Amino acid sequence: MKGWLNVVMIVLILLGVSQLGHGGYLIIKAQLAQIMLEQAWAEAQDINRDVAFDPVKPWPWADTSPLAKLRFDELNQSLIVLTGASGRNLAFGPAHVSGSAVLGEAGVSVIGGHRDTHFALLQHIGIQDQLSIELPSGEIIGYKVTNISVVDSRQSQIALDADRSTLALVACYPFDAVEAGGPLRFVVMAEAIKKSPNRLVL
Amino acid sequence: MSSTNNWDRTSVVELVVSALFVGVLLVLAPMSYAETSFEQESHGSLKDFGSGALVVADSVVGYRALLRLDAEFDLVVSGMVVQATVKQVFVNNTEQWLEGQYVFPLPSDSAVNGLTIRLGERLIRGEIKEKEIARKMFVKARNDGKVATLVEQQRPNLFTNRVTNIAPGERIEVTLTYLQTLTYDSGEFSLRIPMTLTPRYIPGKSNASHRTSTLQGQGWAFNTDQVSDANDITPQQQNEVKHKASVHIALSSGFDLAEIQAPFHDVHTDRVGGVYHVRLKQPGAVMNRDFVLRWRPVLDEAPVAAFFTESVVDDVSANIEHHGLLMMMPPSTTYPIQGLPRELILVIDTSGSMAGTSIEQAKQALLVALERLTDRDTFNVIEFNSTTHQLFETSVVANAQNILAARRYVKGLDANGGTEMKGALNAALSLHPTHEMSAVRQVVFITDGSVGNEAALLNLIATQVKGSRLFTVAIGAAPNGYFMKKAAQYGKGTYTFIGDTFEVRKSITALFEKIEKPMLTNVKVKFHNSGVTEFYPGNIPDLYDGEPLLLFVQMAEKTDTITVSGEFEGRYWERDIIPNWSFDHPGIGALWGRQKIQALMDESVQQGNRDYHRKEIVDLGLFYKLVSRYTSFIAVDATVMRNNLDTLAVHAIANNLPQGSRQGIPSVGYPKTALGINGILFMGALSLFLGVLVLCLKQDSRIVRIKYAVRRENY
Chain A
1 MKGWLNVVMI
11 VLILLGVSQL
21 GHGGYLIIKA
31 QLAQIMLEQA
41 WAEAQDINRD
51 VAFDPVKPWP
61 WADTSPLAKL
71 RFDELNQSLI
81 VLTGASGRNL
91 AFGPAHVSGS
101 AVLGEAGVSV
111 IGGHRDTHFA
121 LLQHIGIQDQ
131 LSIELPSGEI
141 IGYKVTNISV
151 VDSRQSQIAL
161 DADRSTLALV
171 ACYPFDAVEA
181 GGPLRFVVMA
191 EAIKKSPNRL
201 VL
Chain B
1 MSSTNNWDRT
11 SVVELVVSAL
21 FVGVLLVLAP
31 MSYAETSFEQ
41 ESHGSLKDFG
51 SGALVVADSV
61 VGYRALLRLD
71 AEFDLVVSGM
81 VVQATVKQVF
91 VNNTEQWLEG
101 QYVFPLPSDS
111 AVNGLTIRLG
121 ERLIRGEIKE
131 KEIARKMFVK
141 ARNDGKVATL
151 VEQQRPNLFT
161 NRVTNIAPGE
171 RIEVTLTYLQ
181 TLTYDSGEFS
191 LRIPMTLTPR
201 YIPGKSNASH
211 RTSTLQGQGW
221 AFNTDQVSDA
231 NDITPQQQNE
241 VKHKASVHIA
251 LSSGFDLAEI
261 QAPFHDVHTD
271 RVGGVYHVRL
281 KQPGAVMNRD
291 FVLRWRPVLD
301 EAPVAAFFTE
311 SVVDDVSANI
321 EHHGLLMMMP
331 PSTTYPIQGL
341 PRELILVIDT
351 SGSMAGTSIE
361 QAKQALLVAL
371 ERLTDRDTFN
381 VIEFNSTTHQ
391 LFETSVVANA
401 QNILAARRYV
411 KGLDANGGTE
421 MKGALNAALS
431 LHPTHEMSAV
441 RQVVFITDGS
451 VGNEAALLNL
461 IATQVKGSRL
471 FTVAIGAAPN
481 GYFMKKAAQY
491 GKGTYTFIGD
501 TFEVRKSITA
511 LFEKIEKPML
521 TNVKVKFHNS
531 GVTEFYPGNI
541 PDLYDGEPLL
551 LFVQMAEKTD
561 TITVSGEFEG
571 RYWERDIIPN
581 WSFDHPGIGA
591 LWGRQKIQAL
601 MDESVQQGNR
611 DYHRKEIVDL
621 GLFYKLVSRY
631 TSFIAVDATV
641 MRNNLDTLAV
651 HAIANNLPQG
661 SRQGIPSVGY
671 PKTALGINGI
681 LFMGALSLFL
691 GVLVLCLKQD
701 SRIVRIKYAV
711 RRENY
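Listed in order, the protein sequences are those of chains A and B.
When we follow this note's numbering, the leftmost residue of the first sequence carries the number 1, and every step to the right adds one.
When we follow this note's numbering, the leftmost residue of the second sequence carries the number 1, and every step to the right adds one.
Keep in mind that the hints were calculated from the coordinates and are not lab data.
Check before you lean on any hint, since a few could be wrong.
Claimed, not checked - The list that follows gives simulated cross-link-like pairs (lysine to any residue, SDA-like), each with its CA atoms no further than 20 Å apart:
(1) A:K57 with B:A355
(2) B:K625 with B:Y184
(3) B:K524 with B:W573
(4) B:K422 with A:V56
(5) A:K194 with B:K422
(6) A:K57 with A:D73
(7) B:K485 with A:V102
(8) A:K57 with B:G423
(9) A:K57 with B:K524
Note that the structure is a prediction, hence the values are computed from the model and not measured.
All chains, please: the whole structure from these sequences, using the hints.
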């Protein structure tokens, strides 16, 4: 009886420690990556470098590069956005979905981020909040949040047509769900504040 | 008291205590969730909405279907041309004045050439105007309180329709006409009506204080289609809010049909004279699925070549312009397929972004491709991530031994590292063929296209492709479709999209069946007339088996003969087509205009200036009455309906692509965006807690026993 209890106890404690360790590792990885990305970002801003032809690698084996700096004015936070929203890249930072509009151009640019690390801050965003995107060229584009919604990813896709540059920030929903892989997505839409020339906004 | 009894008691305590703690833990976990969602109350309690809900700044809107929309499609098919009429009915169910915005898909080659609106007894005809002028007219009509409709092109296959000043309880019919050409492939004609109106996320404009117009309470209607698909909605609401469509197609094919079918809908077909009438069995189909119709002529009546004509008078110059649509099938071999020997280069992306199901799909696709090689072919396999690696030094004969080596190589591939596509493209396109020059060189490029340096790569393809053909195969949930399509276009090949693991074999097999057969290459078309003749596409592509040439022509003078020539199975081939000018096919001229606009737009993209041909496109749009990037249809009523005191609310009618649709509206799937850290931490904390609990209770059981003994002594 007691021996059996001992085994259960040891297994439970070991399991607990390893799970906590794994969770901690994911959190530390997410935070550390942003620090390395900040360095790569500084490099990408070198005016002599054309990042479209020669992307900056944050670490030598990376399959991604810093694309822009996303600032949340009200929350006083910023994140480096990566290229390519694959599962691997999202562990390091929010990433731009490659099929969506190029950042800063008319159309919807989709940026995905993990709800439990980088994009946890999305839940504190309100309508009319200001965001900005800084491109490697130094150009800064201001955005204003126009919509916040929850959608079912099984039933819909994000339409990419828009008259002006629009951001769709996507995180899984609910933010505090215990399990990963649910169908709901939290979507924050933000439109560029500056009107594009020759376009009358209706 | 015996010790066994004591143990029983403590084990009961132990059980109760641990059950309590577990209970508390389970209660606590959702509580932390409740707390955070409470914070979100400031912009609406998101938790309550569930799937599909949209949250707007001002909640004036409510969650009802404010605008209902029904559509009637009436299509007349004659020759290769479809003349379509779409009637969209807007019904305002509210007590306030509304402006409806509706984004709708049409086939990507469609030419929108007419607009009328019906308001009770009144019929208002739309005019084609330059986009900015049309917009100004619309805003003026809106402010004046007049009914107006504005139809704009967002993308070649995506349009918006805005109807303003819809009175409470009013019903407005908007009728659009468009032209398109049929798809004819392997002896089968088909047409598709995109009508999906299932949930779609439309980026919206909610109430914005910086707007100076009189619009108040501007927001987005909740797509009730979306809500209706959520779990907790009653069936009555579902019936109430679904957009409905009716379809009628009059098919005058000019030949007897062996088969006619609509794969996704129940239809019935009547034959009246030479015309087949196709209707939905149950009128009012829910618009959540594209309507597709396919038909096949009886075998010996299948058309081989045709030239449809139309003559258009230019009002300004009084010149007559002659237009034609040439349809011609390539020759096909009658003996078993023994195409030219081929050199097949299979390129696979093994970069980190392919990790997971993408690499598995890609490997499966390569294995299917390897199965199809014969010993007349030569082949090579190239893998690339941060670096490029090729299996064989040069292409090798596809004998059993080499294929076995390739299969082993492919099976061992693993996704890791960066996406250096340049090296792979260079290797694939510039490797010198090792055998006789007459071999067909085909490069099949399997990737998710997640690259940042698109422009440089496309440039490389354009300059390096020469005699090779590049076939891009897109894999994964959200591949970079734009890049892949352009790469195929510059590489003179085709683009295939595989969205689902189940489709790999089917899609790859279909691709190879097409490219294995001999094709008509180096196609040239000669018109035996004088004066200027202009046709699109300007660069005539290779013709694969069963795929006709479709050429849109404008000529200053009629021609009595058209000669199409090319190379087929290594020999010169030609065919003469004699046009019949006695019968006009309306719409051929407008379709030519549409093709020219497309060609000019493509050229502008290549020039790096999207407005490079703006002036010419505006002129074409105005002349042929076509909606384009720079020209829109506008219809304005003469009567003032709404006075300035009544406010106007703007609502978008949301619609969507259902998953798996292939109509190519620009849209992407949602990324997966959770690590499940909460779950991991929760499980960790729980196990640790239980472990420590067991440890403590084991220690405590002794103390409890002592306390129990002490208490007994006290009594």
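Indices of hints not satisfied (ascending) | Hint check: 2, 5, 6 and 9 fail, others pass.
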